[in-house]
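Listed here are the chains, written in short residue letters.
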Amino acid sequence: MRIGRYRLKLEKRVTLAGWQAALISLFAIVVALALFSIIFFLAHVNPLRAYKEIFSYAFTNRYGLLLTVNRFIFLLFATFAFIIPAKAGLWNIGMSGQLYIGALAAFAVVYAFGGKNSQSAQLNPWIVLPLMVLAAFAGGALVGGIAGYLKGKLDVNEIVLTMLLNFIAFWLVAHMIKEGGPFMNPQGRGESFALPKSLHAPLIFGVPFTIILALGSAVLLEFVFRKTSFGYQIRAFGQSPPAARYAGIRPFRIALLVFLLGGGMAGLAGYHYFGAVPGVYKIARTYGYFGDLSFYGIICGLISLNNPIAAIPVALLFGGLSIGGRFVQGKLHMGFGLDYALLGVLMITLVAFQFFYRNKIVLERVDS
Amino acid sequence: MRNVLSARKGEDMPFVPDPQQRFRPGEVILEMRNITKRFPGVVANRRITFDLRAGEIHAILGENGAGKTTLMSILFGMLQPDEGEIYVYGKKVTFRSPLDAINMGIGMVHQHRKLVSAHTVLENIILGHPRAGKVLNLKEVEEEVVALAEKYGFRIDPRARVWQLSEGEKQAVEIVKALYRGARILILDEPTSALTPQETEHLLESIVTMARSGLGVVPFITHKLPMVLAVSDRVTVLRRGEVVARLETKDVTEQLLAEKMVGRPVLFDLKKPDVPLGRPVLRVENVSTLNDKGLPALKGASFEIREGEILGIAGVSGNGQRELAEVLAGLRKLTGGRIYFDGRDITQASVLDRWKMGIGYIPAERKDVGSIGEFTLVENVLMNFYFDPSMVQHGIIDYAKALRLTKELIIEFGVSTPGPEAKAKTLSGGNLQKIILARVMARRPRLLIAALPTQGLDIGAMEFVRKKILEAKAHGAAILLISEDLDEVMSLSDRIAPIYEGEIMGIIPADEAKKEVIGAMMAGSRVEETQQ
Chain S
1 MRIGRYRLKL EKRVTLAGWQ AALISLFAIV VALALFSIIF FLAHVNPLRA
51 YKEIFSYAFT NRYGLLLTVN RFIFLLFATF AFIIPAKAGL WNIGMSGQLY
101 IGALAAFAVV YAFGGKNSQS AQLNPWIVLP LMVLAAFAGG ALVGGIAGYL
151 KGKLDVNEIV LTMLLNFIAF WLVAHMIKEG GPFMNPQGRG ESFALPKSLH
201 APLIFGVPFT IILALGSAVL LEFVFRKTSF GYQIRAFGQS PPAARYAGIR
251 PFRIALLVFL LGGGMAGLAG YHYFGAVPGV YKIARTYGYF GDLSFYGIIC
301 GLISLNNPIA AIPVALLFGG LSIGGRFVQG KLHMGFGLDY ALLGVLMITL
351 VAFQFFYRNK IVLERVDS
Chain B
369 MRNVLSARKG EDMPFVPDPQ QRFRPGEVIL EMRNITKRFP GVVANRRITF
419 DLRAGEIHAI LGENGAGKTT LMSILFGMLQ PDEGEIYVYG KKVTFRSPLD
469 AINMGIGMVH QHRKLVSAHT VLENIILGHP RAGKVLNLKE VEEEVVALAE
519 KYGFRIDPRA RVWQLSEGEK QAVEIVKALY RGARILILDE PTSALTPQET
569 EHLLESIVTM ARSGLGVVPF ITHKLPMVLA VSDRVTVLRR GEVVARLETK
619 DVTEQLLAEK MVGRPVLFDL KKPDVPLGRP VLRVENVSTL NDKGLPALKG
669 ASFEIREGEI LGIAGVSGNG QRELAEVLAG LRKLTGGRIY FDGRDITQAS
719 VLDRWKMGIG YIPAERKDVG SIGEFTLVEN VLMNFYFDPS MVQHGIIDYA
769 KALRLTKELI IEFGVSTPGP EAKAKTLSGG NLQKIILARV MARRPRLLIA
819 ALPTQGLDIG AMEFVRKKIL EAKAHGAAIL LISEDLDEVM SLSDRIAPIY
869 EGEIMGIIPA DEAKKEVIGA MMAGSRVEET QQ
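Sequences listed follow chains S and B, in order.
Here our numbering is used: position 114 in the first sequence is 114, and no number is missing along the way.
The number in our numbering is simply the position in the second sequence, starting from 1, with 368 added.
FYI, nobody ran anything at the bench for these hints, they're computed from the structure.
One should not assume that every hint holds.
To be verified - Looking from chain S toward chain B, a few residues come up when the C-beta cut is under 8 Å (computed):
{"id": "1", "residue": "K227"}
{"id": "2", "residue": "T228"}
{"id": "3", "residue": "S229"}
{"id": "4", "residue": "Y232"}
{"id": "5", "residue": "Q233"}
{"id": "6", "residue": "S240"}
{"id": "7", "residue": "P242"}
{"id": "8", "residue": "A243"}
{"id": "9", "residue": "Y246"}
To be verified - Straight-line alpha carbon distances no greater than 35 Å define the calculated DSBU-like cross-link-like pairs of lysine-lysine that follow:
{"id": "10", "chain 1": "B", "residue 1": "K482", "chain 2": "S", "residue 2": "K9"}
{"id": "11", "chain 1": "B", "residue 1": "K701", "chain 2": "S", "residue 2": "K227"}
{"id": "12", "chain 1": "S", "residue 1": "K12", "chain 2": "B", "residue 2": "K791"}
{"id": "13", "chain 1": "S", "residue 1": "K153", "chain 2": "B", "residue 2": "K791"}
{"id": "14", "chain 1": "B", "residue 1": "K661", "chain 2": "S", "residue 2": "K153"}
{"id": "15", "chain 1": "S", "residue 1": "K227", "chain 2": "B", "residue 2": "K791"}
{"id": "16", "chain 1": "B", "residue 1": "K775", "chain 2": "S", "residue 2": "K12"}
{"id": "17", "chain 1": "S", "residue 1": "K360", "chain 2": "B", "residue 2": "K735"}
{"id": "18", "chain 1": "B", "residue 1": "K882", "chain 2": "B", "residue 2": "K667"}
{"id": "19", "chain 1": "B", "residue 1": "K735", "chain 2": "S", "residue 2": "K9"}
Stated by the list, open to error - Distance windows between CB atoms, simulated:
{"id": "20", "chain 1": "S", "residue 1": "P313", "chain 2": "B", "residue 2": "G711", "range": "52 to 60 Å"}
{"id": "21", "chain 1": "S", "residue 1": "N359", "chain 2": "B", "residue 2": "P877", "range": "54 to 62 Å"}
{"id": "22", "chain 1": "B", "residue 1": "L645", "chain 2": "S", "residue 2": "A17", "range": "48 to 56 Å"}
{"id": "23", "chain 1": "B", "residue 1": "E780", "chain 2": "S", "residue 2": "R253", "range": "29 to 37 Å"}
{"id": "24", "chain 1": "S", "residue 1": "N359", "chain 2": "B", "residue 2": "Q623", "range": "40 to 48 Å"}
{"id": "25", "chain 1": "S", "residue 1": "V351", "chain 2": "B", "residue 2": "Q623", "range": "56 to 64 Å"}
{"id": "26", "chain 1": "S", "residue 1": "F336", "chain 2": "B", "residue 2": "N659", "range": "53 to 61 Å"}
{"id": "27", "chain 1": "S", "residue 1": "V219", "chain 2": "B", "residue 2": "T404", "range": "48 to 56 Å"}
{"id": "28", "chain 1": "B", "residue 1": "Q623", "chain 2": "S", "residue 2": "L8", "range": "50 to 58 Å"}
{"id": "29", "chain 1": "B", "residue 1": "N659", "chain 2": "S", "residue 2": "R253", "range": "23 to 31 Å"}
{"id": "30", "chain 1": "S", "residue 1": "F205", "chain 2": "B", "residue 2": "G797", "range": "52 to 60 Å"}
{"id": "31", "chain 1": "B", "residue 1": "G797", "chain 2": "S", "residue 2": "V219", "range": "34 to 42 Å"}
Note that the Cβ used here is the ideal one computed from N, Cα and C, for glycine as well.
Turn these sequences into a full structure, and let the hints steer you where they fit.
The following block contains the structure:
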């Protein structure tokens, strides 16, 4: 394209530095917000005011910020559930099923300790809480592991597997917590029994301790992928299964392990939301909503290019906008689904802008 | 008027060659004058001059990166030169697209086939022909095509589907397609690269026939020097984008051409080091296996390789060589037989265990198996070291050490690359093979399996790889050399085992081996039969 004496040209990028990717993503966010302004205009709302409300509620309001952070922790675990298999070239879209089973497993621990029937049961949190976390991880890992095992042994398509396992897990939760289920709330209501007060997760400035697990996982994963032989094997397999096999890497082992770990991460997301977020402390009737929310882990993983550290700001943004969008919808009396629409536009724009990860636009002077 | 394009352009291209018109042999039908083409950072072609006479085979020779592809693209209208002129039949032309070139009677046969595999041969030939789209008498066209093919000695079945054809047959279809389109000047890109020896011979005959009947043929060649010597009249040698020599073929030797291409003398006959053969390292007993389609690929192969010995597996592509290499590397399951390494039964050993015990494998599939394009050179070197205690402690890779090793290997093996952090996909074929070889050699393997180690490489890189294999022999490694290049097998090996349809046809000491005998065994004769 020519503009006066200059010409715009599209060129392939050879390398992409981290700051360039960050800059492109920031630009994409601005573009997404600009595009979404159309919706506000149509609703006769000043978009600048709407965005101010969204961001100030999500990131500066004390109450909103806590909601944001809780979503963020949840999304970060869900993102890792996607990233770990993705590094090995495998697709986990079973984070919702994995987190359901993770949550069930955590509540099973409480059930086993007899914490079902009394809000005031005195259970030792130093013993039970770690067990709940471990059980949640193991539960998620088990569901993920089924997919990983079948993928590794029989080369069954892991996308179909993980997706179908979601349905099984969804109805398994329903069976456990609805009428007549062993985890049924004594008052009915289609939700699980509530955790005894003694098992409410410790808070750090109002934020559950799971934030340490989430951020710690980010650092640990980055270390594993960058520095360890295991991480190297995952990446090699993800880039080229035949080359990995040639080098002596066993496909079965990789497929199984990444799905165990990924499923485990989703399991922690399940524990976090139903077991550690203040005010919840039970598997809510609306657990399906959180299953759907966990799929944003896929999108956060794709946007952060499977980088566990880059996933932190991305998950924070998505968590914040989903909270802020919902808030503004009520406050400005807008139609239902504003938060979903906002996340959707953001998602599409971010993915579309990945075009610039591979290409760049060059402005050059035209002589003559 | 057959030519739509020239009718539209009018004064640009007033001249259209009549396919029936004969040109006097020796008349210049194509001329390129001072062609220069620059790309950002490089001059791909610098003042290249070239001419082609009717009835002539004029080969263009050069290593990868010498500017052949650019020149070919300019000649076929895919690229426009920055400077210089092209004359066809004495008229100055400007090609804006391949269609312009085709309409001037230039035909091109690409190295990678451009046919629709689900369609028949005939459908492919008329695809894009100006007559297609109008009412076509298919029967008439079929007769014309068959007659045309027969005239030049191509045997093609116009009703066969392209996917059923061998590489050689597909190439014949492409040539006939170009001829049917009215080509009088034929550009052939690496024409013999994917062909079997028989197909090659057949093609060469056809090329000569075409030239005899007045066509001009321009083969572009990187590797197959004997072919150039066999049929061409003249040779133009390119190096670094410039013409470095134009020679009458009768005046040249293979040695001279290689020297011109590479820019320094090339050793064709490497001196085999005199190494005393030690203990047997590998013993293969009655090994059988299946190919990817589940058919028997290797049928009871038995042999032994000793320290310091090179056993050459000679054979035409697809006779079980790949499966043999994979069985030895642990990548393919056996259906029968035993493999012993240093006297230990390793039939069931895993790939990783084999690497650890000192078996090194250089796969033929450099890009897909031997390396990872998106990985840096350091990470590619780690493919053979991620498990090595010298490089990994408590599961943590010592990347600083890996970087040092990679730097050393780059220097020792003369890998041309921006640096150890460059991605493997940026390397040329020869440099990629050097880094793979370097990495495997760095493990000092007791047994080296080298599958097609020099295939597709420049002459310079080829010489280097062979030298390194001989070095490994001098260090006492047992080497299994799998090659489709008979000359290579004969010059490097101590013993030669021709393979045919998954069977080893006999094992012959190299100093007693005659080329005809090996050739006959590669085609299915047993060693006993050839001695009668």
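These are the hints, each one checked on the structure:
1. A distance limit of 8 Å between C-beta atoms decides the matter here; for K227 of chain S the minimum to chain B is near 5 Å, and the interface restraint holds.
2. With a least beta-carbon distance of about 5 Å to chain B, the hint placing T228 of chain S at the interface is held under the 8 Å criterion.
3. Look at S229 of chain S: its Cβ gets to within about 5 Å of chain B, closer than 8 Å, so that hint holds up.
4. Hint status for Y232 of chain S: holds, given a least beta-carbon distance of 5 Å to chain B, under 8 Å.
5. Residue-level restraint check for Q233 of chain S holds (minimum Cβ-Cβ distance to chain B is 7 Å; threshold 8 Å).
6. The criterion of a C-beta within 8 Å of any C-beta in chain B is met by S240 of chain S, whose closest approach is roughly 5 Å, and the hint holds.
7. The beta carbon of P242 of chain S comes within 5 Å of a beta carbon in chain B, closer than 8 Å, and the hint placing it at the interface holds.
8. A distance limit of 8 Å between C-beta atoms decides the matter here; for A243 of chain S the minimum to chain B is near 5 Å, and the interface restraint holds.
9. Annotation: Y246 of chain S was flagged as interfacial toward chain B, and the flag holds, the nearest CB pair being 5 Å apart, inside 8 Å.
10. The hinted pair formed by K482 of chain B and K9 of chain S meets the criterion: a straight-line CA distance of about 30 Å does not exceed 35 Å.
11. At roughly 33 Å between alpha-carbon atoms, K701 of chain B and K227 of chain S fall within 35 Å of each other, so this suggested pair holds.
12. Restraint check for K12 of chain S and K791 of chain B: the C-alpha separation of about 15 Å stays at or below 35 Å, so the hint holds.
13. A C-alpha spacing of about 32 Å is found between K153 of chain S and K791 of chain B, which places the hinted pair at or below 35 Å, so the restraint holds.
14. Distance hint between K661 of chain B and K153 of chain S is fulfilled; the C-alpha atoms sit about 20 Å from each other, no more than 35 Å.
15. Between K227 of chain S and K791 of chain B the CA atoms are separated by roughly 18 Å; this keeps the pair inside 35 Å, and the hint holds.
16. Under the criterion of a C-alpha separation no larger than 35 Å, the hint pairing K775 of chain B with K12 of chain S is consistent with the structure, at around 28 Å.
17. For the hint linking K360 of chain S to K735 of chain B, the alpha-carbon distance of about 27 Å falls within 35 Å, and the restraint holds.
18. The straight-line distance between the Cα atoms of K882 of chain B and K667 of chain B is roughly 25 Å, inside the 35 Å bound, and the hint therefore holds.
19. With a C-alpha separation of about 31 Å, the suggested pair K735 of chain B and K9 of chain S falls inside the 35 Å cut-off, and the hint holds.
20. Taken as a hint, the range 52 to 60 Å holds for the pair P313 of chain S and G711 of chain B, whose Cβ atoms sit roughly 59 Å apart.
21. Taking the beta carbon of each, N359 of chain S and P877 of chain B are about 58 Å apart, inside 54 to 62 Å as hinted.
22. With their beta carbons about 54 Å apart, L645 of chain B and A17 of chain S fall inside the hinted range of 48 to 56 Å.
23. Taken as a hint, the range 29 to 37 Å holds for the pair E780 of chain B and R253 of chain S, whose Cβ atoms sit roughly 34 Å apart.
24. Checking the proposed 40 to 48 Å range against N359 of chain S and Q623 of chain B shows it holds: the Cβ atoms sit about 47 Å from each other.
25. One distance hint, 56 to 64 Å for the beta-carbon pair V351 of chain S and Q623 of chain B, holds here, with the actual separation near 57 Å.
26. F336 of chain S and N659 of chain B have their C-beta atoms about 59 Å apart, which keeps the hinted 53 to 61 Å range intact.
27. At about 55 Å, the CB distance of V219 of chain S to T404 of chain B agrees with the hint of 48 to 56 Å.
28. Between Q623 of chain B and L8 of chain S the CB atoms are about 52 Å apart, so this pair conforms to the stated range of 50 to 58 Å.
29. Look at N659 of chain B against R253 of chain S: about 26 Å separates their beta carbons, and that is inside 23 to 31 Å.
30. Distance hint for F205 of chain S and G797 of chain B: a CB-CB separation of about 59 Å, consistent with the stated range 52 to 60 Å.
31. A C-beta distance of roughly 40 Å is found between G797 of chain B and V219 of chain S, which places it inside the suggested range of 34 to 42 Å.
Violation of the numbered hints given earlier is absent; every hint is satisfied by the structure.
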